[in-house]
Amino acid sequence: MLGLLGLSAELFGLFVAFGFMVGVFFGFFGMGGSFLVTPALLILGYPTPVAIGSSMAFVFGTAVIATLKHHDAGQVDYRLGALMFVGITVGIELGSRLVFGLEVLGIASLVVGVAYVVLLAAIGILFTRSALGDEEDGGDAEGEDATDGAPDDDVPEIARKIKSYHIPPMTTLADGSKASLWTISGVGGGVGLISGFLGVGGGFVRMPAIYYLIGTSLAAAVGTSLFGGLMSGAVGAFTYGRAGVIDVGIVTALLIGSALGARIGSGATAYVDEDDVTIYFGLMLLTASLAVALGEVSAWLSVPALDRVSFLLLIGSALFVCAVILYHGVVAIRDGDDVAPAT
Amino acid sequence: MTGTALLPGASPTVAALAVIGLVLVEAALLYVAYGVLEDRLAPTVFKRIQRR
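In order, the protein sequences belong to chains S and V.
Under the numbering used here, think of the first position of the first sequence as 1, with each following residue one higher.
Under the numbering used here, think of the first position of the second sequence as 1, with each following residue one higher.
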């Protein structure tokens, strides 16, 4: 079987383990796929189109699994996801055209690299500041029950302010609150633009954008972001699949690990208070920003050692946050803090 | 192994759809299989964790 898939047993095992880690992020945060998988495949020596194409197909598969899991928990706003998809598709097209335009000018790699660093750092700071603010406010500033509480209490202040502007046409979200179609399309277009421009699935932008700008609960933002990832992953997998660059062996091995990880990560959302983990996730994004910056510097200066440091930072920080989620989950179960077994 | 290797001679669109279909089937099967595993093992794992 392994011979058919074109991978050695060691490599297959490595991808399964790596997939598990990515799956935990996908299940818990609704993001964390392509910005970890693509660089890892590139460092392992796979050609860029194979790395991106296989990553997109993997993102699609993992998003299917995680969406099914969040669907069971009633945490997916399909209407919102479908409305966003139109904007996302247009944004992806515009983003890719922008890249090709910059390519003609010979500055695509530089601009994309810097944009990646800035974006990861900005989102990392947002998450870290939010987590630190919650701690100063006593840990529950945004709602007394982050996992299943009243939606209004779980919506950040910035989203409440945006929602206060009633610009028609308005649409009703799954939690009963209203949001302007302009906000939803704008967020979808912006996320698509970034996704197409950076060549990533975009979950690390989509989930915070849904949470902070459209104003759903964090659980609904995660579930809906996964549904968006499913749709954009399918579009990406189809595009790269047509070019024949998706390695099915890599995707299968990653999926075997991530299917288990996503199940555990999704289940952990019922036990682990996001406030306990958000700060680590923010710090991981900041570390990822540093890792990408080091990767860029490594490319400019032709220093392979920096590339390895970049890889270790990326994987090490992700492994650490994954362990933190599992640790908090085990502690919550042991202390009897669980809501209900996540079946 | 790529989509082209899966279906030699197929058009790029068919090969791409075959890859998406394969990934979808794999994902659904894994979801169901791990679901069964979770139903059978989760209670035991929970009890063991709570005992520690």
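Errors might be hidden in some of the hints.
[Stated by the list, open to error] To give an idea of the chain V side of the interface with chain S (calculated C-beta under 8 Å), a few residues:
1. Leu6
2. Gly9
3. Pro12
4. Ala15
5. Gly21
6. Val23
7. Leu24
8. Glu26
9. Tyr31
10. Tyr34
11. Glu38
12. Leu41
13. Thr44
14. Phe46
15. Ile49
16. Gln50
No lab work stands behind these hints, which were simulated from the structure alone.
This structure is a prediction, so every number in the text was calculated from the model and none was measured.
Positions of the beta carbon are idealized from the N, C-alpha and C atoms, including for glycine.
Hints versus structure:
1. With a least beta-carbon distance of about 7 Å to chain S, the hint placing Leu6(V) at the interface is held under the 8 Å criterion.
2. Annotation: interface hint on Gly9(V) violated; nearest CB of chain S at approximately 12 Å, more than 8 Å.
3. With its C-beta approaching chain S no nearer than about 4 Å, Pro12(V) sits inside the 8 Å limit, and its interface hint holds.
4. For Ala15(V), the suggested interface contact is upheld, since its CB lies about 6 Å from the closest CB of chain S, less than 8 Å.
5. For Gly21(V), the suggested interface contact is broken, since its CB lies about 10 Å from the closest CB of chain S, more than 8 Å.
6. For the restraint placing Val23(V) at the interface with chain S, the shortest Cβ-Cβ distance is roughly 4 Å, inside the 8 Å limit, so the hint holds.
7. With 8 Å as the threshold, the beta carbon of Leu24(V) comes within range of chain S, its nearest partner Cβ sitting at about 6 Å, so the hint holds.
8. At about 6 Å, the closest approach between the beta carbon of Glu26(V) and any beta carbon in chain S falls short of 8 Å, and the interface hint on this residue holds.
9. A hinted interface residue such as Tyr31(V) counts as satisfied when its beta carbon comes closer than 8 Å to some beta carbon of chain S; here the least separation is about 5 Å, so the hint holds.
10. Hint status for Tyr34(V): holds, given a least beta-carbon distance of 5 Å to chain S, under 8 Å.
11. This hint holds: Glu38(V) has a C-beta 6 Å from the nearest C-beta of chain S, less than the 8 Å allowed.
12. The interface hint given for Leu41(V) is violated, since its Cβ lies 11 Å from the closest Cβ of chain S, which is over the 8 Å cut-off.
13. For Thr44(V), the shortest C-beta to C-beta distance to chain S is roughly 12 Å, which exceeds 8 Å, and the interface hint is violated.
14. Using the Cβ-Cβ criterion of 8 Å, the hint placing Phe46(V) at the interface with chain S is satisfied: the shortest such distance is roughly 6 Å.
15. At its closest, the beta carbon of Ile49(V) sits 5 Å from a beta carbon of chain S; the interface hint therefore holds under the 8 Å criterion.
16. Below 8 Å, beta-carbon pairs count as interface contacts, and Gln50(V) has one with chain S at about 6 Å; its hint therefore holds.
In this structure, the hints that do not hold are numbers 2, 5, 12 and 13, in rising order.
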